[in-house]
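Dock chain Y against the given chain H, drawing on the hints supplied.
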Amino acid sequence: MNTIYKLTIAEMKMFVRNKQALFFTLFMPLFIMLIFGYIGFDKPPVIDVGLVTYKPNAPTQQFIDQIKSFPTFKIHEGTLEEEQKLLNDGDLSIILAVPDYLIPTAPVLPEEKQSIIAYENAGQAGQAQTVVSILNQFNTAAAIKKANVELPFTVVERAVNVNNLRYIDFLLPGLIALSIMQMSVFSVAFVFTQYKEKGVLKRILATPMKPIQFVVSNGITRLFISLLQATIFIGLGLLLFKVHLVGSLLLVFLCVLLGAAMFLGLGFTISGLAKTTESVPAIANIVVFPMMFLGGTFFAVSNMPAWLQVIAKVLPLTFFSTALRDVMTKGSGFGDIWMDLVGMLVWGAILITLATVTFRFQERDSG
Amino acid sequence: MSSIITVTDLTKKYGDFTAVGGISFSVEKGETFGILGPNGAGKTTTLEMMEGLKTPTSGEIILDGKNVAKESDAVKSVIGVQLQASTFFEGLNLVELIDIFAAMYGTEANAMKLLEEVELTDKAKSQVKELSGGQKQRLSIAIGLVNDPKVLFLDEPTTGLDPQARRHLWELVKSIKAKGTTVIITTHYMDEAEVLCDRIAIMDGGKIIQLDTPDNLIKKLLATGFSKPVLQQQANLEDVFLKMTGHALRD
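Chains H and Y are the protein sequences, given in the same order. Taking the working numbering, I'd label the letters of the first sequence as residues 36 to 402. Taking the working numbering, I'd label the letters of the second sequence as residues -8 to 242.
No lab work stands behind these hints: they were computed from the structure. One should not assume that every hint holds.
Below, simulated DSS-like cross-link-like pairs (lysine-lysine); rule was C-alpha separation at most 30 Å, straight line [what the hints assert, rightly or not]: (1) Y:K61 x H:K233; (2) Y:K104 x H:K48; (3) H:K233 x Y:K168; (4) Y:K45 x Y:K168; (5) Y:K198 x H:K233; (6) Y:K4 x Y:K141; (7) Y:K20 x H:K245; (8) Y:K104 x H:K245; (9) H:K233 x Y:K45; (10) Y:K127 x H:K245; (11) Y:K45 x H:K245; (12) H:K48 x Y:K116; (13) H:K233 x Y:K165; (14) Y:K4 x H:K310; (15) Y:K45 x H:K310; (16) H:K233 x Y:K104; (17) H:K233 x Y:K116; (18) Y:K141 x H:K41; (19) H:K41 x Y:K61; (20) Y:K120 x H:K41; (21) Y:K127 x H:K233.
Computed footprint of chain H on chain Y, listed as stretches where at least three residues anywhere in the stretch have a Cβ under 8 Å from a Cβ of chain H [claimed, not checked]: (22) 38 to 50; (23) 61 to 69; (24) 82 to 88; (25) 93 to 101.
Some chain H residues flagged as far from chain Y (calculated, every beta-carbon gap over 12 Å) [claimed, not checked]: (26) K90; (27) A93; (28) S104; (29) E117; (30) P145; (31) K148; (32) A153; (33) Q172; (34) A177; (35) E185; (36) L275; (37) L285; (38) L289; (39) N320; (40) S337.
Each residue gets a CB set at the ideal place from its N, CA and C atoms; glycine is no exception.
Pulled out of the complex, with its shape left as it was, chain H reads as follows (with noise of 0.2 Å):
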């Protein structure tokens, strides 16, 4: 026991020493998290809209002035020259050109009526129909407010915050998933592939101590290490984008523990079956690659076609994520998650006895 103790804090101190293993385990999702949490996807998108207009008489310069102050209008103004040049590059949805007697100072004949001329970037259909809806729309209210008539019915419009997830909420959990995974298996197997190759294991076989040991203690090094992740990820979360944490803290750190514990045995794995460290990478990225993409970490696997979710929902990573991702953002509890537990369970299962089956400290004795 206290050979593995002391093992255990020369491992730490290796591990903290290492520049390489704290960039990808610590720096690199931590930075990725800022991006994403400051992109703000939530936010609701700007539509380009390139206005042409002349010398307007005053209430048609008081249309103008509205859609000027429409929030999601990011406004262009020029001559219709300009502007169409700018909707061919692709840089506007619409563009709107409007006559100066758009709407008339005395009654006018229906022949004499004007109308908006609207250009739209056929690649952008959706913001240009949103933009000519919202157009109607001032039309409509003109028009009743006009023929001075009661309106059929109202509707009344009442905020209820249920859980609304902004995808920082969403992503904060897969990141936590994602950056364990990461750190447990690249740390393992590029370390041990390189012990191996380099004769350091082959000097520990000359010690008294037993081999599993040092597997232990490294394996309790990573496990802890995996604990601070999470803390150090959910406390920035909190601090700068005041996510949204639900769940109880002692579930989270139990999920932690399994997906580290899963995805170490993955990394022994690849150290066994590795003969050099060069190739550790591509071997740990075969599989390690698809999951970034597949195991709910930046989207969710819901939104996947069906035939890919088959394979995604069982996928490692996905039960991590998704068990993270319960627990933190919708409160749930052991009896939720379980189905996800079991499937790091029996994952774990496989990976550790595989990396028994793959992983020696010595090449086989065939004598």
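Below, chain Y without anything else, positioned relative to chain H:
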């Protein structure tokens, strides 16, 4: 003197290839025993079987009264090992490294005292990657001494070192022997074997073809009528090199 190691009929086969073919010898307590031979002669395989790192195909090794194959942990506790190609953990300084190896032996070591023995006290806070080749070998030996071993195994400890560093390492090996530690050493350098070893086993093709003291081996050869052109020079190029560059260590 009594034997500390007895090797009987030791054989190691890899499929059809016989790396070590039924060798027997014994090593006396406190002596420095050299194993010489060309590459592929079976030196390292023999050493690694004695260290408990490889399992013999047949034969027996008794070290300090213990059967290496059956009580390998007990044997590993009383031997020190310097492997041919062994690097150590990155991210630890020399003191931490010695402490961690001591922990693997379930003991504690006086790291500074060990570093002093191998003259690396000024590098105590450095990492392995900052050491020169000779310093790395000295560290390797210091780590081999953490458990205060009865037998120290050195596998080609001076390969790749410059003449100054080699001589420095010889002095270190002599001082270890002077403390009563039995030393088993493999080498390609005959001068090294002559300076350090009490007895030498010459291996070739997995067999021991000669085993005696360096003096006796030379006498036996001369007795066969061997002679080589007598050199009039009383010095060689290495003497010139050391005269010009001095004996002081460069790392």
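Point to revise | Restraint status (C-alpha distance of K45 (chain Y) to K310 (chain H) at most 30 Å) | key: holds (20 Å)
Check your understanding: Going straight from one Cα to the other, do K233 (chain H) and K104 (chain Y) come out at no more than 30 Å?
Key -> Distance of about 27 Å is within 30 Å: holds.
Check your understanding: Can the restraint linking K48 (chain H) and K116 (chain Y) be considered satisfied, given a maximum Cα separation of 30 Å?
Key -> holds (14 Å)
Review point. How does the coverage statement for the stretch 93 to 101 of chain Y fare against chain H, requiring three or more residues with Cβ below 8 Å from a Cβ of that chain?
Key: holds (count 4)
**Study point:** Holds or violated: K233 (chain H) to K168 (chain Y), with C-alpha atoms at most 30 Å apart
**Key:** Status holds; Cα separation ~29 Å.
**Study point:** Given coverage of the stretch 38 to 50 of chain Y by chain H, checked by CB-CB distance under 8 Å (3 or more)
**Key:** holds (count 7)
Check your understanding: Do the alpha carbons of K104 (chain Y) and K245 (chain H) lie within 30 Å of each other, as the hint requires?
Key -> Distance of about 27 Å is within 30 Å: holds.
Check your understanding: Given the hint that K233 (chain H) pairs with K45 (chain Y), does the C-alpha gap stay at or below 30 Å?
Key -> holds (18 Å)
Point to revise | Minimum Cβ distance from L289 (chain H) to chain Y greater than 12 Å, as the annotation requires | key: holds (30 Å)
Review point. Against chain H, does the stretch 61 to 69 of chain Y show at least 3 residues with beta-carbon separation below 8 Å?
Key: holds (count 4)
Review point. Are K104 (chain Y) and K48 (chain H) close enough, with their CA atoms no more than 30 Å apart?
Key: With Cα atoms ~23 Å apart, K104 (chain Y) and K48 (chain H) stay inside 30 Å; holds.
Check your understanding: Would the pair K45 (chain Y) and K168 (chain Y) pass a check requiring their Cα atoms to be no farther apart than 30 Å?
Key -> holds (26 Å)
Every hint, counting from the list given before, is met by this structure.
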